[in-house]
Amino acid sequence: MAVLVLAEHDFGALSASTARIVAAAEQLGPVDLLVAGQGVEAVAAEAAKLAGVEKVLVADSAALSSLSPEPVAALLARLAEPYSHIVAAAAATGRDAIPRLAARLDLMPVTDVVAIHGPTRFDRPIYAGNAIETVSSGQAKQLLTIRASAFRPAASGNNAPINPVDADVAAVARFLAAHRTESDLPELSTAQVVVAGGVSFGSAEKFALVSELAKVLGAAVGATRAAVDAGYAPNDWQVGQTGKIIAPDLYIAIGISGALQHLAGIQGAKKIIAINKDPEAPLMKIADIALVGDLFEVVPELIAGLKR
Amino acid sequence: MKILVAVKRVVDHAVRVRVRPDGSGVETENVRMSMNPFDKHAIEAAVQLAEAGHASEIVVVSIGPKQSNDVILTALAMGAHRGILIEADGRVETLAVAKLLKAVVAEEQPDLVLLGKQAVDDDSNQVGQMLAGLLDWPQATFASAINVVDGGLEVTREVDYGRATVGVALPAIVTADLRLNSPRNAALPMVMKARSKPLAVRPAAEFGVDLTPRLKLEKVSPPAERVAGRRVADAAALVAAISSELSELEAL
Ligand SMILES: Cc1cc2nc3c(=O)[nH]c(=O)nc-3n(C[C@H](O)[C@H](O)[C@@H](O)COP(=O)(O)OP(=O)(O)OC[C@H]3O[C@@H](n4cnc5c(N)ncnc54)[C@H](O)[C@@H]3O)c2cc1C
Ligand SMILES: Cc1cc2nc3c(=O)[nH]c(=O)nc-3n(C[C@H](O)[C@H](O)[C@H](O)COP(=O)(O)OP(=O)(O)OC[C@H]3O[C@@H](n4cnc5c(N)ncnc54)[C@H](O)[C@@H]3O)c2cc1C
Numbered sequence: 001m002a003v004l005v006l007a008e009h010d011f012g013a014l015s016a017s018t019a020r021i022v023a024a025a026e027q028l029g030p031v032d033l034l035v036a037g038q039g040v041e042a043v044a045a046e047a048a049k050l051a052g053v054e055k056v057l058v059a060d061s062a063a064l065s066s067l068s069p070e071p072v073a074a075l076l077a078r079l080a081e082p083y084s085h086i087v088a089a090a091a092a093t094g095r096d097a098i099p100r101l102a103a104r105l106d107l108m109p110v111t112d113v114v115a116i117h118g119p120t121r122f123d124r125p126i127y128a129g130n131a132i133e134t135v136s137s138g139q140a141k142q143l144l145t146i147r148a149s150a151f152r153p154a155a156s157g158n159n160a161p162i163n164p165v166d167a168d169v170a171a172v173a174r175f176l177a178a179h180r181t182e183s184d185l186p187e188l189s190t191a192q193v194v195v196a197g198g199v200s201f202g203s204a205e206k207f208a209l210v211s212e213l214a215k216v217l218g219a220a221v222g223a224t225r226a227a228v229d230a231g232y233a234p235n236d237w238q239v240g241q242t243g244k245i246i247a248p249d250l251y252i253a254i255g256i257s258g259a260l261q262h263l264a265g266i267q268g269a270k271k272i273i274a275i276n277k278d279p280e281a282p283l284m285k286i287a288d289i290a291l292v293g294d295l296f297e298v299v300p301e302l303i304a305g306l307k308r
Numbered sequence: 309m310k311i312l313v314a315v316k317r318v319v320d321h322a323v324r325v326r327v328r329p330d331g332s333g334v335e336t337e338n339v340r341m342s343m344n345p346f347d348k349h350a351i352e353a354a355v356q357l358a359e360a361g362h363a364s365e366i367v368v369v370s371i372g373p374k375q376s377n378d379v380i381l382t383a384l385a386m387g388a389h390r391g392i393l394i395e396a397d398g399r400v401e402t403l404a405v406a407k408l409l410k411a412v413v414a415e416e417q418p419d420l421v422l423l424g425k426q427a428v429d430d431d432s433n434q435v436g437q438m439l440a441g442l443l444d445w446p447q448a449t450f451a452s453a454i455n456v457v458d459g460g461l462e463v464t465r466e467v468d469y470g471r472a473t474v475g476v477a478l479p480a481i482v483t484a485d486l487r488l489n490s491p492r493n494a495a496l497p498m499v500m501k502a503r504s505k506p507l508a509v510r511p512a513a514e515f516g517v518d519l520t521p522r523l524k525l526e527k528v529s530p531p532a533e534r535v536a537g538r539r540v541a542d543a544a545a546l547v548a549a550i551s552s553e554l555s556e557l558e559a560l
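Protein sequence lines correspond, in order, to chains A and B. Everything in the first sequence is counted per my numbering, starting at 1 for the first residue and increasing by one. Everything in the second sequence is counted per my numbering, starting at 309 for the first residue and increasing by one.
Heads up, some of the hints might be wrong.
Unchecked claim - Listed next, the in silico SDA-like pairs over lysine to any residue satisfying Cα-Cα at most 20 Å (straight line):
no.	chain 1	residue 1	chain 2	residue 2
1	A	Lys-277	B	Ala-543
2	A	Lys-307	B	Ser-551
3	A	Lys-49	A	Ala-226
What the hints assert, rightly or not - Label pairs and their calculated CB-CB ranges:
no.	chain 1	residue 1	chain 2	residue 2	range
4	B	Ala-360	A	Pro-82	47 to 57 Å
5	B	Lys-524	A	Lys-206	44 to 54 Å
6	B	Glu-558	A	Gln-27	24 to 34 Å
7	A	Lys-206	B	Gly-516	28 to 38 Å
Think of the hints as simulated: they come from the structure by calculation, not from any bench. Glycine residues also receive a C-beta, built at the ideal position from the N, C-alpha and C atoms.
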């Protein structure tokens, strides 16, 4: 049976996580990719290029203009019947809509899947990633959210057909305002290189050193919860159990102690570099490369050195 | 308005849990337990709504073993009026939790149900959304601000791209993020007073919800271990190390 994947997008472009979810979902069966929203022709065209997609379904309506969970879950419920699996990224849209859908269909979902062992067997982290549980399901249909950073992206170069579907669903909540963090840096959750800073920077002005270093490296910027709470960085930069979960090839942590809630967000990082004045900080003990030093001296030297 | 708040007793967030050698789960014997941190923010939000004159009654409910009394008492000490403990031993899946909460909603008829956005043990992030689905109520998850406007709520939500504000009519489901507020520590007199507030203990069986798990837990394993790497002496050495990492990435 086929798999229905809900695409993540920002109405203008497909999110980088979608290619990863499609590749993960291909392990479960042939993939139909659903693009829901309003004015999403460009997103659908991009979606049709992803390798492994059999067809793109487009649900275009005003009720879907903010991808609120109520109409998205209603739409998925209507489309669910022929599919063995309904899958979304473990990001805002999927996190909200998949459990809501599950309750409507009387199914137990599996959220934040990091490994697929077969059509009904999955791994998911618990206790902030300090343990991994393997669960299997005897249910007729599997509803999943998948951690994008745990999977490689699907290739491009496909030309799947695009089919409109009935998008007549009711909007429930009123969407009032979006506050997007403007940034020309790569998307944090799928970036290859991430530079992150902690509360030790002391001010938003000084935290800008992190962005400056990130620019030189073409990296995304991350922050600890303490740094976000202090107002040095926007909330969508937070990395950790309650922020974004990332798996970059290279993670550079500056003035970050390495609390377990923070480590939960970077367990998938291939290489970790840490800079901290305290050699005993927990992160220094697991870093692949560590430098003991004062960040206010080290970071400007790094920026200057790497520019050359 | 009347508010129902769901709270869960979990392994304290500061405890580093260990996986049992036989892979049956994590060690929970002799481990400090406390209220799920997100649920503290949910209770605080309810108490603030009451203090501002928007809420008249706060009922707190927990599903779990009889020791979950502790977290209900914590909530009562913070200012909730009344508690309900639904006694259930062993793991109760999120779908069953949501169904039990639905049954409580049917009895209590609240205008607002507040929950944490996730529980720090299973990290499922499901119960609020599922309850909203079962009731067909609007949901506003990951709330970092709640305002009462025209008899409804304006909720600011933490989302992937920053923040978003939604308006929801009541009744509604809201799940709390950490930035919603700073939960109070209940002063001793409040803790004493909490003991005299009503707390109903009811067996889960009373609610007619099938608690049979849908998922089979096959095993629990520890994550891949990370070990310390090398130390470099100064920024110049780090520049060299980062440059070589980057050229390796480019070669891929
Ligand atoms: C064999 C087995 C396998 C399982 N496998 C999975 C699985 O693969 N995926 C999965 O997602 N879950 C699984 N579960 C369910 C899960 O383990 C939890 O026990 C579930 O009941 C609660 O999930 P949570 O704490 O993560 O809730 P969350 O959805 O993270 O909690 C959100 C909020 O809901 C409220 N809440 C949650 N539980 C309670 C409670 N008991 N009382 C009062 N309020 C509460 C709190 O306000 C909390 O902040 C499994 C259970 C069993 C028995
Ligand atoms: C339920 C819950 C969920 C949470 N979720 C998250 C989450 O998702 N993400 C997250 O990050 N946190 C989370 N936290 C918070 C977490 O527990 C830590 O408080 C936080 O990660 C600490 O951030 P920090 O490393 O910036 O600050 P600190 O722990 O204060 O560490 C600062 C570090 O900077 C070093 N330092 C100071 N000055 C300098 C200098 N001049 N040069 C070099 N080094 C210096 C210090 O030695 C220290 O190691 C959560 C907490 C709870 C309770």
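Hints, one by one, checked against the model:
no., hint, result
1, A:Lys-277 to B:Ala-543, "13 Å, holds"
2, A:Lys-307 to B:Ser-551, "10 Å, holds"
3, A:Lys-49 to A:Ala-226, "40 Å, violated"
4, B:Ala-360 to A:Pro-82: 47 to 57 Å, "49 Å, holds"
5, B:Lys-524 to A:Lys-206: 44 to 54 Å, "51 Å, holds"
6, B:Glu-558 to A:Gln-27: 24 to 34 Å, "29 Å, holds"
7, A:Lys-206 to B:Gly-516: 28 to 38 Å, "59 Å, violated"
Checked against the numbered hints given earlier, this structure breaks hints 3 and 7; the rest are met.
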